[in-house]
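Participant: The listed protein sequences derive, respectively, from chains A and B.
Heads up: the first sequence at position 475 corresponds to 518 in the numbering used here, and the numbers run straight through without jumps.
Heads up: the second sequence at position 252 corresponds to 295 in the numbering used here, and the numbers run straight through without jumps.
Hints are computed from structural coordinates only; laboratory data are not their basis.
Warning: the hint list may mix true and false statements.
Below are the DSBU-like pairs computed for lysine-lysine, each with C-alpha atoms no more than 30 angstroms apart in a straight line [stated by the list, open to error]:
| hint | chain 1 | residue 1 | chain 2 | residue 2 |
| --- | --- | --- | --- | --- |
| 1 | B | K235 | B | K50 |
| 2 | A | K104 | B | K54 |
| 3 | A | K50 | B | K58 |
| 4 | A | K428 | A | K477 |
| 5 | B | K45 | A | K145 |
| 6 | B | K145 | A | K54 |
| 7 | A | K228 | A | K534 |
| 8 | A | K259 | A | K247 |
| 9 | B | K54 | A | K247 |
| 10 | A | K153 | A | K355 |
| 11 | B | K201 | B | K176 |
| 12 | B | K137 | A | K494 |
| 13 | A | K81 | B | K508 |
| 14 | B | K137 | A | K58 |
| 15 | B | K499 | A | K145 |
| 16 | B | K259 | A | K247 |
| 17 | A | K104 | A | K137 |
| 18 | A | K50 | B | K142 |
| 19 | B | K235 | A | K142 |
| 20 | B | K114 | B | K104 |
| 21 | A | K81 | B | K247 |
| 22 | B | K536 | B | K499 |
| 23 | A | K81 | B | K104 |
| 24 | A | K54 | B | K477 |
Protein chains: 2
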Amino acid sequence: MKLSDQKQQFKNYLKEIDYYREALSLIHWDMRTKIPTKGVEQRSEVAGFLGEKIHQLQTSKQMEAYIKELKPNTDDSILLRTIEVCEEEYERNKKIPHKLYKDFMITQTKSEAIWQQAKENDDFHLFRPYLKKLVDFNREFASYWGYENNIYDALLHKFEPGITVNELDHVFPKLRSSLRSTLEKVQTSAVKPDPSIIQVHFPKQQQVAFTEQLLKQMGYDFTSGRLDETVHPFAIPLNQNDVRLTTRYNENDFRMAVFGTIHEGGHGLYEQNIDPRLARTPLATGASMGIHESQSLFWENFIARSYPFWEKNYDLFLQYAPHSFQNVDLEQFYQTINEVKPSFIRIEADELTYPLHIMIRYELEKALINEEIIVDDLPHLWNEKMNNYLGITPPTDREGVLQDIHWAGGDFGYFPSYALGYMYAAQIYHTLSKDLPVESLIRTGDLTPIKSWLAKSIHQYGKLKEPLEILTDVTNETLNPDYLVQHLEKKFKAIYQF
Amino acid sequence: MKLSDQKQQFKNYLKEIDYYREALSLIHWDMRTKIPTKGVEQRSEVAGFLGEKIHQLQTSKQMEAYIKELKPNTDDSILLRTIEVCEEEYERNKKIPHKLYKDFMITQTKSEAIWQQAKENDDFHLFRPYLKKLVDFNREFASYWGYENNIYDALLHKFEPGITVNELDHVFPKLRSSLRSTLEKVQTSAVKPDPSIIQVHFPKQQQVAFTEQLLKQMGYDFTSGRLDETVHPFAIPLNQNDVRLTTRYNENDFRMAVFGTIHEGGHGLYEQNIDPRLARTPLATGASMGIHESQSLFWENFIARSYPFWEKNYDLFLQYAPHSFQNVDLEQFYQTINEVKPSFIRIEADELTYPLHIMIRYELEKALINEEIIVDDLPHLWNEKMNNYLGITPPTDREGVLQDIHWAGGDFGYFPSYALGYMYAAQIYHTLSKDLPVESLIRTGDLTPIKSWLAKSIHQYGKLKEPLEILTDVTNETLNPDYLVQHLEKKFKAIYQF
């Protein structure tokens, strides 16, 4: 067969995978936003079927042949990188014996249901045997995948290629000691924002209307996306022109919807601005979990929680907000939305303490995978670390070790990306402010140059570059926690006047 | 291979087809209710891909082998009927040369877009060449499929097996002459309902809340379904436990949403009550287009437009309706929702004139397929027939021959089902009233026995029976237009006092 024909066939093969992916994504979106309760069971079968199809195509003999034959014969950079990404997926999946993978899938599905029950009943013992199995599966996968220094590196690699335990154990302590010192200053400060002044009834429909305004300001395109309600907010790209966001509303605390939506909007902007030439290839998505998170945290923490943002938007906010906000001035408002207060639940944590939650989880899962601790010790160790880092002890496991679904889904090595994304975001923001008068742009409400800068520097590439390649291309240095440290110190010093 | 193994394999094969069908149905639902405008193009590719997969599986050598080997070797009635339905689909598709089918699909897709334009611009000439092609395709398909008496029978068979031109040309004239005579009496009556008394602003959210109440009364299960807004209302089963309805709202005429939703609710109830043993087989849907329509029209016209229904629900209605309805008494209300007035658009037609719209379309498409008329004559002939049957002439083709999408979708032989469904519904209602005190049940609001009777007599069977088999099993006679004639005469005599 002519090489050009084979390339075309390969592209069609990838299209087919992507058609399944798009259909499956719609099912996932629907299952989390719209599906009637009794429809779930049969829909799950369909999801399983489509997932299996994708897996088959990714690991087929045919895929192996395409990789082998096309990789040495192309100088098209997009095609080459596409092949590399396919190859990585192929190798990763091929290394796992089929029976092991199937057992894992079954355990994972069961575990998620059991975790849900365990969380509801605050009963870690119920979840414990499943978690043990999932740790063992992950250890086994890691040993099949291979690693150089630390078995946990094999898991990290899946979510954030280029990042290792070595790297994390270098940056996290620096970040931690600074966070803890800032936290101490915050806690001893005489400034005590009073959240009750903004915890007033704010009708959902008004919150929806206001957050849609903010998404539009960011440049999120509603002709290529939509916003729906869900229990656990997420962003999901069906295709590049249909990138959906979800959020949740607390009628007594608008911060949940406003900052949650902007966070998902950051993910959404990323997916909406990937180069259309990458469509229907595995490159048409974010570079990594961490780079993705950098975009959501960029918009949430560096733009939407900034003072200039509310200088611009507070009047607009007051148009939608209940009358009681008229008594809250901009300074008080800004202080309150940035209140620092150690709390149990990661996804409700403030900007300063958030990374500490991630470190706790990272340390525990690294130790588990390295067999330095056992699952039975988790509740106790979790609470101990919470107390050490945040000075509070969860009263229940539901608010402690059982809070997140990720372990039940079998995902280990995933959490560090949340903190990495945060550090990336600070580093990117720092570079951006050298290129653009970012604060004054925010103050005037013209966010377009910021959006365009991100699209040009990051979004357009999709998975065409590795995560650390994107970071260094944009910021001219490798991962550096100092920017986040400086950002937080400066911000909270001003707010808490220490 | 052991026969039992082969049966199991066949069932798995059907499951696979059904997984694709369910995913595709979700895509269709989404495309008509939720998708952002720019997402359509790429999603259409996915729909095409999944549709092609289904078609391949339905017409494969493997399917042929299953039919051949299993059909003579089963005494399981469900399995046997499943094989028959697969065989019919297989034969129908196999008879059409692949190239012809592909050309048809391309023409059909283009035609739908062109029809949209033609309708918008009121320009039949734009649509004419496509319509010509679609008529030719249908003639060609019909000659491949074969027929005994009339070429149009081959097309009818696809939607309403058992019904022929012979049958229709026997029942339609009887129905028509009665409808026209009743219409004349209505038009010369001194009673003139004034629709302006109910055409008052009725906020959408209130309409949603009220119609949901009515759906619940009917027994539509919201844990196995949902209701959304759309431009063209429809009901769509994703699976039996996720049967979705859509409706549209006119804030100045609540009748559109209330009766439209109940109509779709009738379709929905049917799908929700199919025997679960038929799940994941091609039997798990309505027996035919006509039987399906009988269920929607049963609820819309025989229940929801009846006097007892509003004796029960008028107080509830007033709770949701704007204050101005307080001046409308139940008698006036009942009269007005049943106003008879010839109008141009089929889907907005009243209960009495609706079948006349169907007959016009039937006569024209039968003549087209039989080459007794040509496409060029359609606008003229349409208007002539409208004038003959309904006494009004559409001022534009947009309100005339261009009003429906069906022809643009390549569907000929489909429209008679609408009128058949109406006659079936009347016949079924007649039988039901011998079994149950139906009017008093409606008056007290206890619709459960009615729902159960329909589920037991019709819904549970899905496609296990042929349409006319269902009709005769339920009513002990074959298609008989007299019940509809009697129903309409009696009803409008009472309302219009002639």
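Participant: Each hint should be assessed against the structure and marked as holding or not.
Facilitator: For each hint, the structure was consulted:
1. K235/B x K50/B: Roughly 63 angstroms separates the two Cα atoms, so the pair is violated.
2. K104/A x K54/B: Holds - the C-alpha atoms of K54/B and K104/A are around 27 angstroms apart, at most 30 angstroms.
3. K50/A x K58/B: Violated - the C-alpha atoms of K58/B and K50/A are around 33 angstroms apart, more than 30 angstroms.
4. K428/A x K477/A: violated, 38 angstroms
5. K45/B x K145/A: Satisfied, since the Cα-Cα distance of roughly 27 angstroms is no more than 30 angstroms.
6. K145/B x K54/A: holds, 22 angstroms
7. K228/A x K534/A: holds, 12 angstroms
8. K259/A x K247/A: Roughly 18 angstroms between the alpha carbons, so the hint for K259/A and K247/A holds.
9. K54/B x K247/A: violated, 47 angstroms
10. K153/A x K355/A: Given that 30 angstroms is the threshold and the Cα spacing comes to 48 angstroms, the pair is violated.
11. K201/B x K176/B: holds, 20 angstroms
12. K137/B x K494/A: violated, 53 angstroms
13. K81/A x K508/B: Holds, at about 27 angstroms.
14. K137/B x K58/A: Holds. K137/B to K58/A sits at ~27 angstroms (cutoff 30 angstroms).
15. K499/B x K145/A: Cα-Cα ~41 angstroms, so violated.
16. K259/B x K247/A: holds, 26 angstroms
17. K104/A x K137/A: The hint holds at about 10 angstroms.
18. K50/A x K142/B: holds, 26 angstroms
19. K235/B x K142/A: violated, 75 angstroms
20. K114/B x K104/B: holds, 15 angstroms
21. K81/A x K247/B: Distance ~27 angstroms between K81/A and K247/B Cα, so the pair holds.
22. K536/B x K499/B: Since the Cα atoms of K536/B and K499/B sit roughly 33 angstroms apart, the hinted pair is violated (cutoff 30 angstroms).
23. K81/A x K104/B: violated, 36 angstroms
24. K54/A x K477/B: violated, 64 angstroms
Against the hints set out earlier in the document, violations occur for numbers 1, 3, 4, 9, 10, 12, 15, 19, 22, 23, 24.
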